[in-house]
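Enquirer: Each chain is listed here by its residues.
2 protein chains.
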Amino acid sequence: MLSYKAYCLDLDGTVYKGSEPIPEAIKFVHYLQRNGIEPFFVTNNSSMTQLQLQEKLQKMDIQVEADHIMSSAIACANYIESTHSGKSVFVIGSNGLKDALDGKNILYTDEVAEVVVMGIDLQINYDKLATACLSIRAGAAFISTNKDHVFPSERGLVPGNGAFTKLVEHSTGVEPLFVGKPEPFMLELIQQKFGFKKEEMIMIGDNYQTDILTGIRMGIHTAHVNSGVNRTEEVQQEDAQPTYYLESLEEWIK
Amino acid sequence: MLSYKAYCLDLDGTVYKGSEPIPEAIKFVHYLQRNGIEPFFVTNNSSMTQLQLQEKLQKMDIQVEADHIMSSAIACANYIESTHSGKSVFVIGSNGLKDALDGKNILYTDEVAEVVVMGIDLQINYDKLATACLSIRAGAAFISTNKDHVFPSERGLVPGNGAFTKLVEHSTGVEPLFVGKPEPFMLELIQQKFGFKKEEMIMIGDNYQTDILTGIRMGIHTAHVNSGVNRTEEVQQEDAQPTYYLESLEEWIK
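From first to last, the protein sequence lines are chains A and B.
Note that full-length UniProt numbering has the first sequence beginning at 1, numbered continuously upward.
Note that full-length UniProt numbering has the second sequence beginning at 1, numbered continuously upward.
These are computed hints drawn from the structure, not numbers from a lab.
Be aware that one or more of the hints could be misleading.
In this list, chains with the same sequence are indistinguishable; a pair is considered to hold if it fits within one copy or across any two.
[Unchecked claim] Derived DSS-like pairs (lysine-lysine); straight-line CA-CA distance at most 27 Å:
1. Lys17 - Lys5
2. Lys98 - Lys128
3. Lys193 - Lys98
4. Lys17 - Lys128
5. Lys98 - Lys17
6. Lys87 - Lys128
7. Lys104 - Lys27
8. Lys197 - Lys17
9. Lys17 - Lys59
Start from the sequences and build out the full structure, keeping to the hints where you can.
Expert: Take a look at the structure:
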């Protein structure tokens with residue numbers, strides 16, 4: 001299966017599950033690379049830096065250039081650079097988000113600011129949430145990495161960035177702009193940077209509400225792989241259908 | 001105006017504004033007391049203990065017995081005692097809530113529990129919110145003091161307990177039981193403890209969505225006083241109307 005130029009793969013649930021690689025996906029990446037195609041990795045994760053994601057993939061025997069890794073943190077930094085250049089920025093988030101902002105030389109403050117950006121932050125506290133709300137009430141742009149209402153941890157399903165974003169939305173009455181999946185913003189960045197046509201791109205993932213909808217909204221082909229959050233039978237109930245269904249990515253190695 | 005036996009007064013916006021007493025309300029309380037009527041004070045505030053509220057009123061020249069002060073913290077403790085006796089309890093909240101639970105000899109834990117109770121907590125952190133979500137996902141009862149999405153602070157409008165409760169609701173998909181206004185639970189506790197008939201009770205406050213709706217849902221008379229959150233003209237737009245409109249409580253001193 002070598003019909004596309006840009007294979008955009010989700011990470012968690014598609015390439016790995018937490019710290020465990022999914023062997024069929026690793027084989028598929030190697031197959032693409034043997035045929036001269038460097039896939040893209042597209043993740044809502046904003047807590048890890050591009051380098052940390054690169055090193056995690058390397059441990060799973062996937063060598064990838066940094067600019068083929070697209071996270072919601074990188075997408076946020078791109079968005080702020082292009083739309084809110086020079087404005088003061090207040091960040092709730094982890095190293096991944098701060099590293100991405102640093103990469104674009106975006107300065108951030110601890111005080112009420114003109115732009116609020118939210119990603120998952122395990123060091124969250126009342127004061128940070130108050131500063132975000134006060135900024136937004138004073139008219140700040142409100143940007144969030146993703147809508148994920150939970151994420152899996154060793155303890156079980158714990159609140160994700162989408163839940164903290166909902167708190168701020170509920171308190172202020174202002175809806176955020178989400179840059180992560182299912183918004184197609186990350187795929188648009190890849191398209192713009194590398195000059196792909198839409199028919200040359202495909203989005204591959206396990207999660208209907210994030211991965212598959214992102215591809216559908218982008219207007220590109222999509223493949224659902226039965227290795228993570230949504231089972232094939234669940235996805236078959238949805239109105240808008242993916243282009244392909246795969247039990248595993250090994251099916252596409254010819 | 002001495003038509004009722006139980007005058008249930010909201011506090012913030014009705015009797016005082018923050019640390020400033022509202023003189024007409026203080027005079028009205030003295031008028032009731034001179035006529036042998038001890039009013040009740042009904043507040044969504046869960047951060048202050050009954051004693052702290054009593055002392056605050058005392059500084060404003062209002063002497064009141066502790067059992068005439070009903071807060072959402074006290075209501076929570078009553079609810080847990082009557083409905084979830086003996087179950088393990090996880091608390092997000094301030095001294096007011098913990099003090100009310102202590103008053104009912106309800107033991108609480110730092111771990112996943114069978115009952116989760118939420119009130120405003122300026123020491124909130126990720127771990128507390130995760131423990132609340134994990135408990136609720138495992139089937140815990142989910143109780144919250146109130147829906148207040150903001151509260152006024154020196155910095156401006158900052159997130160209230162309702163916003164944090166919304167985070168947990170959004171992450172878990174489970175709706176909480178609110179014991180505070182506009183639910184009539186606090187008025188029911190007063191009714192039960194003192195044996196009032198509904199026609200003997202009146203709820204008085206400045207906030208339509210909390211005070212007036214509480215009285216309407218309880219099926220008792222209500223008075224809106226034009227000293228706080230909602231102006232008279234706003235309240236006049238609502239479908240369900242209060243029994244009385246007052247510019248100030250001085251109008252009722254004869």
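Enquirer: List in ascending order the numbers of the hints, as given earlier, that are violated by the structure.
Expert: Hints 7, 8 contradicted; others consistent.
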